[in-house]
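Following the hints, put chain C in place on chain H, whose structure we already have.
The lines below spell out each chain.
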Amino acid sequence: MMISLTIDGRPIEVEEGATILEAAKVANVHIPTLCYLPEVQAIGACRVCLVEIEGNRTLQAACVSPVAKGQVIHTNTDRVRKARRFSVEMLLSNHPFECLSCAKNLHCELQSLAYDLGIREIRFTGAKSGGRIDESSPSIRRDQNKCILCRRCVTVCQEIQSVTALFTQGRGFDARVEPAFDRDINDVACTNCGQCSIVCPVGAITEKEYIDDVWEAINDPTKFVVVQDAPAVRAALGEEFGYPPGTLVTGKMLAAARKLGFDRVFDTNFAADLTILEEGTELLKRVKEGGVLPMITSCSPGWIKFIEHFYPELLDHLSTCKSPHMMLGALTKTYFAKKAGVDPKDIVVVSVMPCTAKKFECNRPEMYDSGYKDVDYVLTTREFAKMIKQAGIDFENLPDENYDDPMGEYTGAATIFGATGGVMEAALRTAYEVATGRILENVEFTAVRGLEGIKEAMVPVEGLGDVRVAVSHGLGNARKLLDRIKNGEANYHFIEIMACPGGCVGGGGQPIPVTNEIRILRAQALYNEDAHLKYRKSHDNPSIKKIYEEFLGQPLGERSHHLLHTHYTPRSKF
Amino acid sequence: MSEEKQCQCAEIQEEELYPRLEEVINQHKGKGEDLIMVLHKAQNLFGYLPRRAQEMVAEGLNVSLNEVYGVITFYNFFSTVPQGRNSVKVCLGTACYVRGSQEVLDKAQKELGIKVGGTTEDRRYSLDVVRCIGACGLAPAMLVNEDVYGRVKSPHLVDILKKYE
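Sequences listed follow chains H and C, in order. For the first sequence, position 486 matches number 486 in the working numbering, and the numbering has no gaps at all. For the second sequence, position 164 matches number 164 in the working numbering, and the numbering has no gaps at all.
Chain H on its own, in the form it takes in the complex (with noise of 0.2 Å):
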């Protein structure tokens, strides 16, 4: 049923149910937010986001309040400007003002609110409640002095990544948002996805930064520094240069890596494609020979470790294969160093990634296959802009430049990895062929795309049957997927997972904000740029076979065991 009311002067209808911060998007009312996330969470605790009410005493929070017929609502009277001034000069009362050295300095939400509400002079000063850095992680930085208890992490580690590392401890000044027994959030169970760092307002959570790190490998003259990055970061990147959300910058992004100084750039996606090939045959070799069904795969590092603390018993149905950036690390310490003559010792690895859990990842004892750490450090999404603006490169006006050989050529079926389903898709674009010794027409599995928690479909393989697969993303459908498997209720012969929402290019590293609106569209951008490419099935990329020729052997052959398999370690859910 549709409600009429009044917002500002300006009479509009709604749909009953909806709330007035609704309503007003439908005016063209801007409200201001802060603790309220979109999809995520609606609570009213920051109060920020009051209005006026006709016949109500007190003001309302917008993004908790339901409208009701006849209501006549006032944005911005002297009142509600007083009121959200308060607010916010409250939370500023107990806020570190180290603004110019933040992580979040221009990017920070709280910064912005105190900005657009004029607040000029900081009236309320005392006692601040303070709080502890944690960098006991790899991945993630907490530092609780910024925390404004506005409770999106919790909110989004507990309801759309069923995890809970965080949690709200204590009350009044004493409130914290920190583990059970305050420890470290490296001592928890925690998958370092990063979905916290994305929704934090201001810089209480954010990735650890390696940039001095890799500026400092850069700048050694006996380092031969290599650079790779992921599928989902060549569509997310130009957003921190204005660009609008789906737009591909590829061809840039490559020549400011060059300027940067980086001596090679190698392609994640060319390891995506030799996933494909190693999977692929393990999943057909489960298949024949009757082994661990549903396989599933194993790109997403905040996943493996979700499935590490939470279903140990369920390990061995993950795929053996490293994630391909790790793949590309092992490779380019051996395959790579022979070729170039270069003594992998002096090799450094730099991942540009969409994702924060790979920065745990590359520092797991098992990933050092190459016989050296096989990927040095992990920079997100996010850190490589800021590298490229420490270096003054205008972006905009760069040329767009090519991947080196010998790991730079890649297919349709690796730049989709960085979409959900897009690994299912191109795990199945492979293995019809393989199994069928058929030529696939129509390579586009449509079922297993867009943005539904859990997609299933069946593919009718020749010699094989029905192949049924099924999709999640967001760890809270991976819960949902593995207590079918429990159960016994899945009969999936291949399953896709990826930790956060929408896939990698949703990460925790990815440019801030991340709505489902920009998820689409960033999918769309590596689906398109699928769709044009020459070749579009992994074992077509010309690359590959030669490396197969070269240096491997065959897929799961003893070098692809050695270099691009790993293993998994039980872990504890507390």
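The set of hints was computed from the structure by calculation and includes no laboratory data. Keep in mind that this is a model prediction, so the values were computed, not measured. All C-beta atoms, glycine included, are put in the ideal place defined by N, C-alpha and C. Careful, some of the hints might be misleading.
Here are the simulated PhoX-like cross-link-like pairs (lysine-lysine), alpha carbons at most 25 Å apart as the crow flies [claimed, not checked]:
no., chain 1, residue 1, chain 2, residue 2
1, C, Lys-29, H, Lys-480
2, C, Lys-41, H, Lys-573
3, H, Lys-573, C, Lys-29
4, H, Lys-486, H, Lys-288
5, H, Lys-223, H, Lys-386
6, H, Lys-480, C, Lys-31
7, H, Lys-573, C, Lys-31
8, H, Lys-128, C, Lys-115
9, C, Lys-115, C, Lys-163
10, H, Lys-223, H, Lys-345
So, partial list: chain C residues that the calculated Cβ filter (under 7 Å) puts toward chain H [claimed, not checked]:
no., residue
11, Ser-64
12, Leu-65
13, Tyr-69
Chain C only, in chain H's frame:
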């Protein structure tokens, strides 16, 4: 030595309580919404909420341990340290405060060697603060178990505490 002995006794008794907690949890298996109720029962069993009990509740009710701890630290009723045999409560209500109860509290913390919310190692005393016990005419006031003491001056404190074994 005698102190150590007492401590062990307490632990042995505690060990015997876990199967009983298990029974309680089984009645609420997988029901996260019963968390506060189960924590109440657990605290009644142990007198406080040891970490192991928190982990059992988290596991049994299918709630994150981090959330369980969040609920425990939110409510004043719950305690994560064992309670002493005697509960010492210093009133910090307005009347007591202006008549110097902070000084009494400081002295109590110093004498007992614990902070507010803590329990002495021999579990003889627990120390807490309260906000008004309705004895403002006797300010500053304090409670030991059920006994009210009025017009407490910090030098008296040791004599009062000594009475309780």
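Verification of the hints:
1. Taking the CA atoms of C/Lys-29 and H/Lys-480, the gap is near 19 Å; set against the 25 Å cutoff, the hint holds.
2. Proposed proximity of C/Lys-41 and H/Lys-573 is supported: the alpha carbons are some 24 Å apart, at most 25 Å.
3. The hinted pair formed by H/Lys-573 and C/Lys-29 meets the criterion: a straight-line CA distance of about 17 Å does not exceed 25 Å.
4. For the hint pairing H/Lys-486 with H/Lys-288, the CA-to-CA distance comes to about 23 Å; that is within 25 Å, so the pair holds.
5. Between H/Lys-223 and H/Lys-386 the CA atoms are separated by roughly 22 Å; this keeps the pair inside 25 Å, and the hint holds.
6. With a CA separation close to 17 Å, the supplied pair H/Lys-480 and C/Lys-31 stays within the 25 Å bound.
7. Restraint check for H/Lys-573 and C/Lys-31: the C-alpha separation of about 18 Å stays at or below 25 Å, so the hint holds.
8. At most 25 Å may separate the alpha-carbon atoms for a hinted pair to count; H/Lys-128 and C/Lys-115 meet this at roughly 21 Å.
9. As the CA atoms of C/Lys-115 and C/Lys-163 are separated by approximately 21 Å, the hinted pair is consistent with the 25 Å bound.
10. For the hint pairing H/Lys-223 with H/Lys-345, the CA-to-CA distance comes to about 9 Å; that is within 25 Å, so the pair holds.
11. For C/Ser-64, the shortest C-beta to C-beta distance to chain H is roughly 3 Å, which falls under 7 Å, so the interface hint holds.
12. At about 5 Å, the closest approach between the beta carbon of C/Leu-65 and any beta carbon in chain H falls short of 7 Å, and the interface hint on this residue holds.
13. Because the beta carbon of C/Tyr-69 sits about 3 Å from the nearest beta carbon in chain H, less than 7 Å, this interface hint is met.
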